[in-house]
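Undergrad: With the hints as extra help, turn the sequences into a complete structure.
Each chain is listed here by its residues.
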Amino acid sequence: MSSLQARVYFRKELFKEYHFRRGRQRRPRFGVSLSVLIDCLSAFTFSSGNMGLELRYPGPDMQLLLKLMDSNRICTDAEIRTRIPETTPREYDFNLGGDGPQPLSFAIKSAALKEIIEDLEWPGSSIVLTVHPDPPRVTFRGEGHGDLQIELFYNAQSDLFISFQCDRRASFRYKYKHLKATTANIPASIVKDNRGSKLTVNDNGLLRVQHMISIRSSSSSTAGNQPQPQFFTSQGLGTTTGQGSPMPRVSYTEFFVMPEEEPLSAGGQMDGEAS
Amino acid sequence: MKFQAIFNDRGVNLLEKRFLPALEKVGKTCHLYLDRKHVIFLHNVLHGDGVQAITQFGKDTIFAEYRISSQNAGRIAFTIDLGLFLRALRSSVSMDGDVCQVKLVKKRARSSGVTEKALPFLTFESKGHKSAVVQDVPISQPLTRGAVQELQDVLESGQGLPQTLVLLPALGQLQGHVDQLKNVGDVLDLAVTKCGDFYLRVNTPFVSIGTEYRGLKVLGDKVTPQSSVNEPVNPSGRLREAINRGEAHSVKVAVKHFAKSLQCHLTKPDHSFIGVSPNESCVLLMFQYFHSGSWEVDENLHMHYRIPVLDSG
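Same order as they appear, the protein sequences are chains A and B. For the record, in the first sequence the residue sitting at position 38 is 38 according to this note's numbering, with numbers rising by one throughout. For the record, in the second sequence the residue sitting at position 32 is 307 according to this note's numbering, with numbers rising by one throughout.
Keep in mind the hints are simulated off the structure, nothing from the lab. Predicted model, so just to flag it, every value in this text is computed and none were measured. Note that beta-carbon positions come from the ideal geometry of N, C-alpha and C, so glycine has one too. Check each hint, because a few of them may be wrong.
Unchecked claim - Here are some chain B residues pointing at chain A (derived, C-beta under 8 Å):
| # | residue |
| --- | --- |
| 1 | 392 |
| 2 | 452 |
| 3 | 455 |
| 4 | 456 |
| 5 | 459 |
| 6 | 481 |
| 7 | 482 |
| 8 | 485 |
| 9 | 486 |
| 10 | 487 |
| 11 | 488 |
| 12 | 490 |
| 13 | 494 |
| 14 | 499 |
| 15 | 503 |
| 16 | 505 |
Unchecked claim - In silico lysine-lysine, DSSO-like type, Cα no more than 27 Å apart, as pairs:
| # | chain 1 | residue 1 | chain 2 | residue 2 |
| --- | --- | --- | --- | --- |
| 17 | B | 497 | B | 527 |
| 18 | B | 334 | B | 303 |
| 19 | A | 67 | B | 531 |
| 20 | A | 67 | B | 492 |
| 21 | A | 114 | A | 177 |
| 22 | B | 457 | A | 67 |
| 23 | B | 527 | A | 67 |
| 24 | B | 303 | B | 543 |
Claimed, not checked - Residues from chain B that keep clear of chain A, each with C-beta distances beyond 10 Å, as calculated:
| # | residue |
| --- | --- |
| 25 | 288 |
| 26 | 304 |
| 27 | 319 |
| 28 | 322 |
| 29 | 336 |
| 30 | 347 |
| 31 | 415 |
| 32 | 428 |
| 33 | 484 |
| 34 | 543 |
TA: Put into structure tokens, the structure is as follows:
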């Protein structure tokens, strides 16, 4: 099982048109080379105008088909060979709303999170993430070539925190390179718009890091091109129109990071104490 | 063997701002071939398997005064470093002097560190109001009579002009697209049709990606496109049908060669045409430059590139 998993969700409302014909598989799954997909998408960026890029699957030979026709009769198309993934990514269950203990979570400004993780680079090795309920705070501690500890107090740094949910102390150790990967390529728009990232830890130390992706649709651009206010709910991520009704045009990227196997010597697991 | 000339303003501007930066992208060094009427830059003509570029200026396009003499019917050719040429020219222009003169000289200089012997230089002399600058740009020994004749033969042969030339879309945008395709694969399938359609495609074991430009202007052999309800809906199908009807040429070239050739947009051509030579040995890119403020082609300014076709095997 891999120690790091990343996913990006695009809701169907992102697309101008979205047609899904249900086949034998409830949710068709196929693999493509990420670098090939990125290179192909980059090759479509030269086109002028605001014509839509059409994505289609499956092609006659199970390819992923991309096509863009612009107003000057320039047609760019791509066929990307797909493959059946060798391993099926595990669907992590955070047991939200279940009978078990609620996972601990906090949301902070994405730019600050990125900066904190970058600062933790020099000790190297692994990082211990500890969430304390009283006083509510989060600690990142790196031990390696010297020690570095960064402590964030929820009450004192309300400009940094967006939310904080913790009823028991928890502490887990993660590989630095995995934590770094969760913030290394945060889309520039997230940092620019001063958005937040949500971190959730379950009983087993599985860490989920979620970032909102800013996608301004044509409809939102007609409404003054202002970014929609966004918030985190206990069920995940959402946006609001200001009247409290959730906006569906939300896409986000999330990372799942497994803790290091080695147990921590002191307070290395959820211990339920309100220290 | 003598060569001495004085640049005119247009010549300095053309070389400094447009042509030398573009030619430098094709290759660091090239042949400079001078005869009584022309100044010609030639890349990869006598040897080398890269992109061949030939840029020909009428002498009056570049120079206000022009004197040349040699025992080979007034023809002189040598190899020159374009980077040094450009630096010398820029430095001379920065003097803001009255005249910028260039001449062929031999000077005694150290060769290989120790021995001193007479070496050829192209000397730039620029006189400002208070100072003068003399710059010696080293060049190769002048080419032999035989080698000069080879250059002349290349110029006269024409190497088979394509029967169909298609007007290329905006070069800057095309270059951006080809630069992206360079990341996908090394070999570019390139095709032109007599209907004025132009195709680019990169195929690898993992992906096939390409672009179709339709209805471009055609020079030479052309056919009127027939709209049909049975026309294939995808570009690959339309090209296949055009090839089957004998109305298209399709060849493979190195993506890096094509991308390098598109740097020609630095010369700001007014029209750029592309075609495949009749024997499908090379792709020809031909550029036209108009007289300032008119639609009339300047016959004293001509450039074309030849991109070698890769073996289909």
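Undergrad: Does each hint hold? Answer for all of them.
TA: Consistency of the hints with the structure:
1. 392: Since chain A brings no Cβ nearer than about 53 Å to residue 392 of chain B, farther than 8 Å, the hint is violated.
2. 452: Hint holds; residue 452 of chain B Cβ to chain A Cβ min 4 Å, cut 8 Å.
3. 455: holds (4 Å)
4. 456: holds (6 Å)
5. 459: Given a least distance of 5 Å, the restraint on residue 459 of chain B holds.
6. 481: holds (5 Å)
7. 482: holds (5 Å)
8. 485: With a minimum Cβ separation of about 7 Å from chain A (threshold 8 Å), the hint on residue 485 of chain B holds.
9. 486: holds (4 Å)
10. 487: holds (5 Å)
11. 488: Where the cut-off is 8 Å and the nearest Cβ of chain A is about 5 Å from residue 488 of chain B, the hint holds.
12. 490: holds (6 Å)
13. 494: Nearest chain A Cβ about 19 Å off; hint violated.
14. 499: At 16 Å from the nearest chain A Cβ, residue 499 of chain B fails the 8 Å test, so the hint is violated.
15. 503: violated (16 Å)
16. 505: violated (18 Å)
17. B:497 / B:527: holds (22 Å)
18. B:334 / B:303: The hint holds at about 23 Å.
19. A:67 / B:531: The given pair, whose Cα atoms are some 24 Å apart, holds under the 27 Å limit.
20. A:67 / B:492: holds (24 Å)
21. A:114 / A:177: Between residue 114 of chain A and residue 177 of chain A the Cα gap is close to 13 Å, so the pair holds against 27 Å.
22. B:457 / A:67: With Cα atoms ~19 Å apart, residue 457 of chain B and residue 67 of chain A stay inside 27 Å; holds.
23. B:527 / A:67: Roughly 23 Å separates the two Cα atoms, so the pair holds.
24. B:303 / B:543: With a Cα-Cα distance of about 20 Å, the restraint between residue 303 of chain B and residue 543 of chain B holds, given a limit of 27 Å.
25. 288: holds (30 Å)
26. 304: holds (32 Å)
27. 319: holds (28 Å)
28. 322: Consistent with the label, residue 322 of chain B stays out of reach of chain A, its closest Cβ about 34 Å off (over 10 Å).
29. 336: Non-interface label stands for residue 336 of chain B: nearest chain A Cβ at 34 Å, farther than 10 Å.
30. 347: Given that every Cβ of chain A is farther than 10 Å from that of residue 347 of chain B, nearest at about 48 Å, it holds.
31. 415: holds (40 Å)
32. 428: holds (40 Å)
33. 484: violated (4 Å)
34. 543: holds (20 Å)
Of the numbered hints given earlier, the model fails hints 1, 13, 14, 15, 16, 33; all others are met.
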